[in-house]
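Asker: Sequence:
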Amino acid sequence: MLTQSYLLQETYVGSNEPTEYVLTNQKLVTKSKKLKLDSLVSTAKDVFLPQGYPDSVSADYLTYQIWDTAQAFCSSLTSALASRAVLTGYGVGDQGASVAAATLAWLLRDGCGMVGRILFAWLYGTALDWDCKRYRLLADVLNDLAILIQLLCPLAGPPGSPAVVAVLCIASVTLALVTVCGGATRAACVYYAPGARQHNMADVSAKDASQETLVNLVELVVNLTFVPLITGPVAVPVFIIFTSVAAAPALGVAEVNQSEPLLRSCAAPLRLGCPLSAPAAALPADRLVDGLRQQRHRRLAVFTGASSYYAVLAEDATSTDQLLAVFQCELIHLARTRPKLFDAIGGCSELRAGDAAAAATAERLMPDFLGALSKAGWSTEPLLLGAGQHRLTWSNEATEYVLTQQKLLIKGKKRKFDGFVSTAKDVFLPQGYPDSVSADYLTYQMWDTAQAFCSSVTGALAGRAVLTGYGVGDQGASVAAATLAWLLRDGCGMVGRILFAWLYGTALDWDCKRYRLLADVLNDLAILMQLLCPLAGPPGSPTVAAVLCVASVLLSLVGVCGGATRAALTMHQARRHNMADVSAKDSSQETLVNLFALLFNLAFVPLITGGAAVLAYLLFTFGHLYFNWRAVRSVAMETLNPSRLHLVVVSFVASGGRACSGVAEVNQSEPLLRSCAAPLRLGCPLSAPAAALPADRLVDGLRQQRHRRLAVFTGASSYYVVLAEDATSADQLLAVFQCELIHLARTRPKLFDAVGGCSELRAGDAAAAATAERLMPDFLGALSKAGWSTEPLLLGAGQHRLVWSKSA
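If you're matching positions, the sequence shown starts at 1 in UniProt numbering and goes up one per residue.
Hints in this document: simulated from the structure, not taken from any laboratory.
Beta carbons are placed, not taken as given, at the ideal position from N, Cα and C, and that holds for glycine.
Where hints are given, some of them may not hold.
As the list claims (entries may be wrong) - Here are the computed distance ranges between Cβ atoms for each label pair:
no.: 1; residue 1: His297; residue 2: Asp435; range: 21 to 31 Å
no.: 2; residue 1: Pro749; residue 2: Thr790; range: 20 to 30 Å
no.: 3; residue 1: Arg293; residue 2: Ala376; range: 30 to 40 Å
no.: 4; residue 1: Ala267; residue 2: Lys340; range: 13 to 23 Å
no.: 5; residue 1: Arg287; residue 2: Pro162; range: 56 to 66 Å
no.: 6; residue 1: Trp122; residue 2: Trp378; range: 25 to 35 Å
Kindly generate the complete structure, drawing on both the sequences and the hints.
Answerer: Now the structure itself:
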């Protein structure tokens, strides 16, 4: 009797070294096993690149990251030079310096930065989405300017003097703009350009932090070796040299599309989605009236001014209408400035004949233009054209304007800035609120800003303790020793950041709520460590340095965990592809609260000493954790992660397979401290079930399920899902659905009284697969009715995939 055998190749996405198995009737034999960690290169990929690289990111990802890390190296060295100057400005090593004065300077510096952050996000928040490359470059320029200002700090006057405080405040404002500009545009870059392609925002963000941290860690060694030697007038030339080196990589980072100008816009001067008052102020009344009448059948009206173009959009205008409006304006602009371009295509005279004729020409060319865009690989969703939020509604009796044969009369004009509430909305809420964000946005932001107040107060308490630990006001303290402690602290934080992003990077996407809460717990723990700093020993002692290093490690985890999960939450909140705007306005809201907290800190923190400081820490820490809990609990995500899917499957089975719980109900029940899902390894290597199951069960399971794009194996306490190379997200959902059904049949069999199938689910993996496939259509229908989205699926799938082929 001949034995039919199969060759199985197991690949790990992003690796070129497959693991091969031979499956016979009796056993599974490893033919050539190559472990993922066999080489340094493979390990480095796991540590520093998003899971699934290169398929999980855009094609330009690696090029962007190389330039980005290069500029981070230059920025890190100049920052180290500046940190020493800042410590000197605060009074480290100066007997006449006061801890209270240094703390006051610290708080004033933060306050100026907060105001700058709010104003910048208000004025330029929406532009950060559609012009993210230019503002990303601006962030780097501002960062270098801020470092230069900090370097000049000791030259401004004695430590703690008003002149030094003023210099620090100016630097803080500049760095605040860097924070908003760099952070928001980085969110846009991760989402739109060199970033996430598999809904892995948090993972891409975390690994980006790891890459920059590695460069900073190398730079730390350079800083420890050479920065103490760079003193006096030598520091400024070194700053200039490294800033010049940073300029080229910064330009390289932004030039993703090679011919796009980065320092100015080359587009036609257009106001898209502008109020009707804009063309009314720029055009003669008869032209405006004629243009409105001629274009009232469209969902847009384009008006050509002397040097600008105006596009008024109807209330029901779509993104395609916006594209048509901009296309028409660009055609008119080219016909006026570069008419020879139209020799081949024609239509130049019509485009210059008036807005109505230009509209007809644009509509004639639009289908060909859309086809050309598609062939060239361009995406028209999302459209980042910087459209305003004004929309026009036509009726026989207009509410805002009255259009007659001769003129346009304002009947009742309501200005955007008529009241404080309207102004506050523009400053602190994303453009288009509430339609441009998720339904849970306001609730989450209210709780989030409340926790920011508590965190700011405890941070101010800790700041005073840290300054004491560095030696502010201590004549025996050394600036060089304080700088060394500062750099060692940063180094420990960098190592922690890299390790955390490696081990938990992918989990930050599918379990972002839990890790968002964890970030706040770690933040409070880090502040506690900083508060204990003066008790650890004399300023600059090894014990103080050790405490600061532990606090730095915790804060580095907060940076990765909080930043990456915030990116995932921002993607959930942004409903009009307005990631950067939502991110910038979130920063403004938190900054406003921190500004109020700053006033509180200035008034009360100097009075809180000794035991009162401990009591204040406990009080505000409790508030911080409670408000964070409420904030995370208020988030209602429509996507399915393991815990939410488990709760949905439970409700589906309990209803007899007719319905499942809705989005709000499940999100309220989702546990935040632990997972309630079945213990499952999705997309695991074949070696995982091979180590947990008898050989005959593994072989039978593989043979019985080889016609599927997945194979489910039930262990004693865990479930294993091996995915085929061509497995889709629907296959992943089916696999997890099957595992949840088996788990419920083993742990809560009474749930199946109405739906049936409990005995089949416990009879073996093949019978369970048949039951799951029978129930799957009803389950998908119930998900859709309940408002759940199955794209993207955030089920934490691994990257191992299996390929079947006959070997004999």
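Asker: If a hint holds in the structure, say so; if it does not, say that too.
Answerer: For each hint, the structure was consulted:
1. Checking the proposed 21 to 31 Å range against His297 and Asp435 shows it holds: the Cβ atoms sit about 25 Å from each other.
2. One distance hint, 20 to 30 Å for the beta-carbon pair Pro749 and Thr790, holds here, with the actual separation near 27 Å.
3. Restraint check, Arg293 to Ala376: a C-beta distance of roughly 37 Å satisfies the suggested window 30 to 40 Å.
4. Our hint of 13 to 23 Å for Ala267 and Lys340 holds, since their Cβ atoms are close to 20 Å apart.
5. Arg287 and Pro162 have their C-beta atoms about 57 Å apart, which keeps the hinted 56 to 66 Å range intact.
6. Between Trp122 and Trp378 the Cβ separation comes to about 31 Å, which falls inside the hinted range of 25 to 35 Å.
Going through the hint list in order, the structure satisfies each hint without exception.
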